[in-house]
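S.K.: Chain residues, written in single-letter form:
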Amino acid sequence: MTGKAVPVPTPQTQPFWDGCAAGELRIQRCTDCGRPYFYPRPVCPACGSRRVEWFTASGEATLHSYVISHRPAPGFDNDVPYAIAVVELAEGPRMMTNIVGVPNTPEHLVLDMPLRVRFERRGEISLPMFEPAGNGR
Amino acid sequence: MTGVIVAGAAETDQVGRLPGHSTLALHLEAGLNALDDAGLTTKDIDGIATVSAPGPVQVAHALGITPRWLDGTGVGGTSFLLHVRHAAAAIMAGQASTVLITHGESGRSRIGSARFAPDPSSMQGQFEAPYGVAGAPTAFTIPALRYMKEHGLTHEQLAYVAVAQRKWAARNPRAMYRDPITVDDVLASRLVAYPFHLLECCLVTDGGGALVVTSAGRAGDFPRPPVHLLGAGESSETPLISQLEDFTESGAFRRAGQAALREARVTTADVDHLMIYDAFAHLPIYGLEALGFVKKGEAGGFIADGNTEPGGRLPLNTNGGGLSYTHTGMYGMFAIQEAVRQLRGEAAAQVGDVGISVVLGVGGMFATSGALVLGRDPR
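Chains as they are written, first to last, in my numbering: chain A, 48 to 184; chain B, 2 to 380.
Treat the hints with care, as some may be off.
As the list claims (entries may be wrong) - What follows is a list of derived Cβ distance ranges for each label pair:
{"id": "1", "chain 1": "A", "residue 1": "Thr78", "chain 2": "B", "residue 2": "Gly153", "range": "36 to 46 angstroms"}
{"id": "2", "chain 1": "B", "residue 1": "Arg380", "chain 2": "A", "residue 2": "Thr78", "range": "49 to 59 angstroms"}
{"id": "3", "chain 1": "B", "residue 1": "Gly153", "chain 2": "A", "residue 2": "Ala180", "range": "20 to 30 angstroms"}
{"id": "4", "chain 1": "B", "residue 1": "Ala54", "chain 2": "A", "residue 2": "Thr109", "range": "40 to 50 angstroms"}
As the list claims (entries may be wrong) - Calculated Cβ distances over 12 angstroms to all of chain A for the following chain B residues:
{"id": "5", "residue": "Asp37"}
{"id": "6", "residue": "Ala118"}
{"id": "7", "residue": "Ala140"}
{"id": "8", "residue": "Arg147"}
{"id": "9", "residue": "Ala171"}
{"id": "10", "residue": "Arg172"}
{"id": "11", "residue": "Met177"}
{"id": "12", "residue": "Arg191"}
{"id": "13", "residue": "Glu246"}
{"id": "14", "residue": "Arg256"}
{"id": "15", "residue": "Gln259"}
{"id": "16", "residue": "Asp306"}
{"id": "17", "residue": "Gly312"}
Honestly, the hints are just simulated from the structure, not real lab data.
For every residue, glycine included, the Cβ atom is placed at its ideal position computed from N, Cα and C.
Isolated chain B, as found in the complex (with noise of 0.2 angstroms):
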């Protein structure tokens, strides 16, 4: 254990075509609503923590915090993750005692919100945009085609992973596609990026989420269930989609993953409840083969056999994912605040009895992960 506990967790009132949201608005609302679950208000936080932009200073001079606190780490949308992880370190260390972690994102109706093109004289503005890189769906898809190759992934098995989602998402009020859909619907929704189709990349949506994050000795004095920091990890490869060490695999996800489950001192074996980021659909695949859940080459037959659906033996992405749910440009909050939801016997498609959750997140393309592996109990 780490000795932190997560003792608020909420998402903004809705997620999905919120034009009435800054991307700054939806921080404080996340942010508010985490407070509210708390049972505290923003005198009580010392600590902030959040991407840029707004970044760590706009949302706590927003909210009226004065922190002796701060963290801006941006490294795409697993940021998050490792914001609890640097803020149980500051709790530890007596730096902080209650961190404020947001996200906000008006990534689909883009109200004030920044744009991304990268500079012509970076190293991907160099050697990879002139070569009609248009996001990340032309880009962080790459590398599916010599994974298909090497281990023998079918179009339709990668289609399933979208099937198996959607059977979550039906399941949550929440989520922006909730309509079950089969392996030809995926076939036959339009090419994005060969071999993408549209429904194996992520949804663009606006909302937010938000935590509060403090010491395990006060897990008594909070209205919700506390939700124990077990371990935590953090890892980079490349900002290059193309400078990937090994096609088949994230190098990041594997060091993340494979040190927070060392922290918690956990198998996989003792896991009953699993978030990866689904940008797309590869990246479950990629998940579940770095934390070690199946050899490689085999997690997309995992994913076709059902385990990973409701029913199945490792309930994955069970609020619906980036593919269903929701997905606003940084997804990692939201796959943390269903893990929370999920030890506190409160999510949507409620998995039944979770002791431990693991959550992998990813940031830019391959480019970092963050990994946490969250607990009912202390152990």
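Chain A with its partners taken away, still in its complex shape (with noise of 0.2 angstroms):
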């Protein structure tokens, strides 16, 4: 029996893992091109600078697509079926997630429904999730 994937951090992505422990999504942008992007790496994918800062993005996305999984990855054989998606932030990047707060059907999943994040626990890591946006809080 093994559990649900958690990830080891490296130097380079400790800053996103610990602001996802603060509550925060913490996403980086190159300050000479100003193009936010993920996932975390010490140089900007859009001019090749080195010159990049970590800035705390809004929560705030899109669904961009998903598949619900009928084959469930060690761990998550009560999940089945789950959705596995991409979500579009507002500032730009995106990121794979799974959607919690709704069922995870075609019907209550539409692409370009808005989310926003929200953390759950596993192990020693506080992994980003998504839920639509309307629900509550």
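Starting from the two chains in their separate frames, assemble the complex, guided by the hints.
M.R.: The structure is reproduced here in structure tokens:
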């Protein structure tokens, strides 16, 4: 019995995971060309500059695409079927995630629906998940 | 033209379920079969290319080949198309004269084969695996819904890709699945990862294939008709499916495919036969558009209208493809093999007079691509 995969941070990704632990979605942007980007790396993929900085994203996103998996990954046996989604952050970059707080069915998961980030604990890590933006709080 | 030919090409004696073969054994059987096909022996080979594991050193050593040129490029199932391109450059540079490219994979029986699990500190391990990705069927498929929304591709059209390819497989005795299927059959097969059903996902099989590549100056020296490499291309995009720049297209497909057509100085109108790596039903759609056979958004209708099936004007994936013929995990070699058979006029589902065939491969999940333009004549 294996549990769900847990990320192991590297020195370059640690600020992202520290942000998640603090309840913030911290990503990077280039201070030369201004482009925000994800996943964490020490160089701007748009212009090649090494002058990059961390900032806290709004946590707002839209549902860009997804599948609803019937093949459980290790530890996901009780979750099937579950959506594996890609969301587009309000700032532009996209990231993979799960969609929580809504049934994972085609009827409830409509492309471009507004979402917002919500962090869920897994082991020592807080993972960014996304829920429909209208869900209270 | 590139100045090189495929002088020998062969698959393992059988493909499908081969529990008596290790991955290495499949490489060796395929390599020896390709040498037989070319009328050569291991002593005629001075260059070796394949993916790890087992890798070029192991394959060369097991066969008793002492290489003066090696290529271990391992960028997924399209790697063998890149090996052909790299071998062509090496041969033209005088670094090798005759290169053996092998593939073997015990994908179904898992005999002596490596398992894939991303390192939890890799980018995939940190930013994709935690969300329950369980292999390619649950990730390679993610862009499709976006494509469907942007271009109006229907579930029925996606399903028809599998129907069209089964029509080819029905004519190929070596294909794993040969019984005709309908759109309803596809949509009634179990959901693997919505919107993909089982019959829209590739097989998992055991098998192998190999190629002998040498200078076109030796075109008359071999027992089988030479197949000329007219052009080739390669590119990559991202190892993370979530970071694909545009979910409705593959930049790697487009760059590799267009480079190959450009080098060969051919247009889509010159192409008689086409192989597009079909790990899943949306790949032929993305590939047809990347190569420019149809405009963006039109490929689903093009396939559903019968253009790519037996009797259609653009025969596509005539062995039955990864969906119905075989898919060991690295299908690119089998796509090349079918193009060679069609150009030689010896395919199971021969489509008549094939002068030019294009092969478009994918590696990883839209991560890499290789493309070959192959011709019966040097041009």
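S.K.: Does each hint fit the structure? Answer for all of them.
M.R.: Okay, the hints, checked on the actual structure:
1. Thr78/A - Gly153/B: 36 to 46 angstroms: 41 angstroms, holds
2. Arg380/B - Thr78/A: 49 to 59 angstroms: 51 angstroms, holds
3. Gly153/B - Ala180/A: 20 to 30 angstroms: The hinted range 20 to 30 angstroms holds for Gly153/B and Ala180/A, with Cβ atoms some 27 angstroms apart.
4. Ala54/B - Thr109/A: 40 to 50 angstroms: 41 angstroms, holds
5. Asp37: Correct as stated: the minimum Cβ-Cβ distance to chain A is 40 angstroms, above 12 angstroms.
6. Ala118: 9 angstroms, violated
7. Ala140: 7 angstroms, violated
8. Arg147: 4 angstroms, violated
9. Ala171: 28 angstroms, holds
10. Arg172: Non-interface label on Arg172/B holds, nearest chain A Cβ at 31 angstroms vs cutoff 12 angstroms.
11. Met177: Its Cβ never comes within 12 angstroms of chain A, the nearest being 20 angstroms, so this holds.
12. Arg191: Label violated. Min Cβ-Cβ 7 angstroms, cutoff 12 angstroms.
13. Glu246: Incorrect as stated: the minimum Cβ-Cβ distance to chain A is 10 angstroms, not above 12 angstroms.
14. Arg256: 17 angstroms, holds
15. Gln259: With a cut-off of 12 angstroms, Gln259/B remains clear of chain A, as the shortest Cβ separation is near 22 angstroms.
16. Asp306: 26 angstroms, holds
17. Gly312: Fine: 33 angstroms to the nearest Cβ keeps Gly312/B off the interface.
In this structure, the earlier hints numbered 6, 7, 8, 12 and 13 are contradicted, and the remaining ones agree with it.
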